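As a plain string of letters, each chain reads:
There are 2 protein chains.
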Amino acid sequence: MIDQRRLPLREEYVTCRTYEDVAAGIREMVIRGAPAIGVAAAMGVALGVAQAAEPDLDAQFARICETLAHTRPTAVNLFWAIERMRKLYESLRGRPLGVIRARLIAEAQQIRLEDIAINKAIGRNGAALVPDGKTVLTHCNAGALATAGYGTALGVIRAAVEAGKKVDVMADETRPFLQGARLTVWELQQDRIPATLITDNMAGHFLKSGRIGCVVVGADRIAANGDVANKIGTYSVAVLAKENGVPFFVAAPISTLDLTLESGDRIPIERRPDAEVTHVFGTAVAPEGTAVENPAFDVTPNRYVTAIITERGVARAPYLESLKRMVVG
Amino acid sequence: MIDQRRLPLREEYVTCRTYEDVAAGIREMVIRGAPAIGVAAAMGVALGVAQAAEPDLDAQFARICETLAHTRPTAVNLFWAIERMRKLYESLRGRPLGVIRARLIAEAQQIRLEDIAINKAIGRNGAALVPDGKTVLTHCNAGALATAGYGTALGVIRAAVEAGKKVDVMADETRPFLQGARLTVWELQQDRIPATLITDNMAGHFLKSGRIGCVVVGADRIAANGDVANKIGTYSVAVLAKENGVPFFVAAPISTLDLTLESGDRIPIERRPDAEVTHVFGTAVAPEGTAVENPAFDVTPNRYVTAIITERGVARAPYLESLKRMVVG
Chain A
1 MIDQRRLPLR EEYVTCRTYE DVAAGIREMV IRGAPAIGVA AAMGVALGVA QAAEPDLDAQ
61 FARICETLAH TRPTAVNLFW AIERMRKLYE SLRGRPLGVI RARLIAEAQQ IRLEDIAINK
121 AIGRNGAALV PDGKTVLTHC NAGALATAGY GTALGVIRAA VEAGKKVDVM ADETRPFLQG
181 ARLTVWELQQ DRIPATLITD NMAGHFLKSG RIGCVVVGAD RIAANGDVAN KIGTYSVAVL
241 AKENGVPFFV AAPISTLDLT LESGDRIPIE RRPDAEVTHV FGTAVAPEGT AVENPAFDVT
301 PNRYVTAIIT ERGVARAPYL ESLKRMVVG
Chain B
1 MIDQRRLPLR EEYVTCRTYE DVAAGIREMV IRGAPAIGVA AAMGVALGVA QAAEPDLDAQ
61 FARICETLAH TRPTAVNLFW AIERMRKLYE SLRGRPLGVI RARLIAEAQQ IRLEDIAINK
121 AIGRNGAALV PDGKTVLTHC NAGALATAGY GTALGVIRAA VEAGKKVDVM ADETRPFLQG
181 ARLTVWELQQ DRIPATLITD NMAGHFLKSG RIGCVVVGAD RIAANGDVAN KIGTYSVAVL
241 AKENGVPFFV AAPISTLDLT LESGDRIPIE RRPDAEVTHV FGTAVAPEGT AVENPAFDVT
301 PNRYVTAIIT ERGVARAPYL ESLKRMVVG
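Going down the list, the protein sequences come from chains A and B.
Just so it is clear: in the first sequence, position 288 is 288 by the numbering used here, and no numbers are missing.
Just so it is clear: in the second sequence, position 61 is 61 by the numbering used here, and no numbers are missing.
Extracted from the complex, chain A is given alone in its bound form (with noise of 0.2 Å):
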């Protein structure tokens, strides 16, 4: 996988040779995004059991599944992604190890290319929202790099831009991993689409000036209710764009929805170490001792949600029906 805490000044990739080096990778984001996750995790379980033997091939699969579990709790893709190995592997049990282990990889890639459809599903369904002519402001990375190819809110603009629309993005930086700055530039400029880069803190003076169309951002897990958990700063940029009537939208798939969660206040918000915020590539920005806060997510309640965009359609409010009726089909 590549290295996106080294992105954009080096392109480095990592190889994981054990299930551990995966779930380390996920731990300490040389991959991150909610669908990214998902498909690493499963890939992850993957290659734990091609290296596992018999006997208490059991046990082994259930450490597998909880040391990938263990990684990273608010996006729900994680663990939808080991619950979808782990029914695979329950219906395979007692058949010859060869073929579990090469039905488990045979889905992981399965998963992967799914993601990438998901996503080409998402762009469409999403393309239509978005104004023409206007400004896209985006929020961290939900781009190619968070999920196995194309994106979420990336895949939504990458699909206005093939549909013809005229538009550009502005790019949040996303302190303290700088998500927007190191990953969403970087892929846009690939593509050749329009960014400009800004500061978290500029986000609100722009959405005021008129110059955004619309708000696309991905999510990490979303409620039943439509309360949706994304990157630390999506709430702010969902309560700044209603404010200043500018429609915000969520692209995700349907596997970051969790019926089970009434709403968004029960969505576990990961803490990141300090360091993230009292160091930039290593260099302290502020003095030794420093007391910090680093929540990983933020919860946006679905008022402030105009829409939520996945690859079976559109949903509005009220969402605890539109969602529902999403998944059940």
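Worth flagging that the hints you see were computed from the coordinates, not collected in a lab.
Quick caveat, the model's predicted, so the values are computed rather than measured.
Treat the hints loosely; a few may be bogus.
One copy or two, it doesn't matter: identical chains are merged, so the pair holds either way.
As the list claims (entries may be wrong) - Derived lysine to aspartate or glutamate pairs resembling DMTMM-like cross-links, with alpha carbons at most 20 Å apart:
#1 208 with 265
#2 324 with 56
#3 120 with 191
#4 208 with 243
#5 134 with 162
#6 134 with 66
#7 134 with 168
#8 166 with 54
#9 208 with 270
#10 166 with 270
#11 208 with 293
#12 87 with 56
#13 208 with 288
#14 324 with 262
#15 134 with 293
#16 165 with 107
#17 87 with 114
#18 134 with 243
Chain B: place on chain A using the hints.
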């Protein structure tokens, strides 16, 4: 003057030997903060005249003022201080050069001392507004470093602490220049006032959490209707405070009022260099060739401002009347 670009990693002092040195210091943000810029400009005028010679003193004086006025456009205290020096200079026409020099030096020193006294008065007037036992959120640095001493927003916090209130501070890091991380946290550490650093995009999350009792910020220019220009990101914090029922206070000296401007739409907003956004302490955080917007300030419409705290008292809406009364009275 202490070099505010180097803090908190290095405590270095820059000696200004000419008025051009002072102008460069203001332009390059060796010194920043609206009241501090005003004091520095007054000192720069005095220094320039101390080194000027007859004949053509008037022309030299005009050049000194113009050079200092062309450093930064938004903070009105700069122009206010130059204007005050100019008026004194004009009143001294025909007096011996030695007298003019001595009077201008004395005036600049007087402006410095007045600024400290003003901040103490702002603190006294604002302390009662700070809720006891809660966190105060602040943005940028409106502290001792932004003034001749004590601070405006941080002066209110210091006065609340001195009055026996139990408050702690949450400081937005304030990208791109990181005044919050580098300066506000550093100042509060020296005063042993508990401070927690967050990235700018976390402010909304904590305003929603119920932890924040009030927001206090400084100002660079306040229009007649109470619209407030302040460090970029202030508008976002104000909207998020209002959305969550948290009072939003602006602390500033009367010299920050610009009653010649009907509204904040007329306040010139400085655009700073791209490299402030694309680089942190010299390290690139974005790909080469990244397009950037870098407005240094934004305007918070008066409807988000709970009160404006000055050395003469606390102004509330409607500001057109309350601010005018404060200046005249």
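| Violations among the numbered hints | 2, 6, 8, 10, 13 and 16
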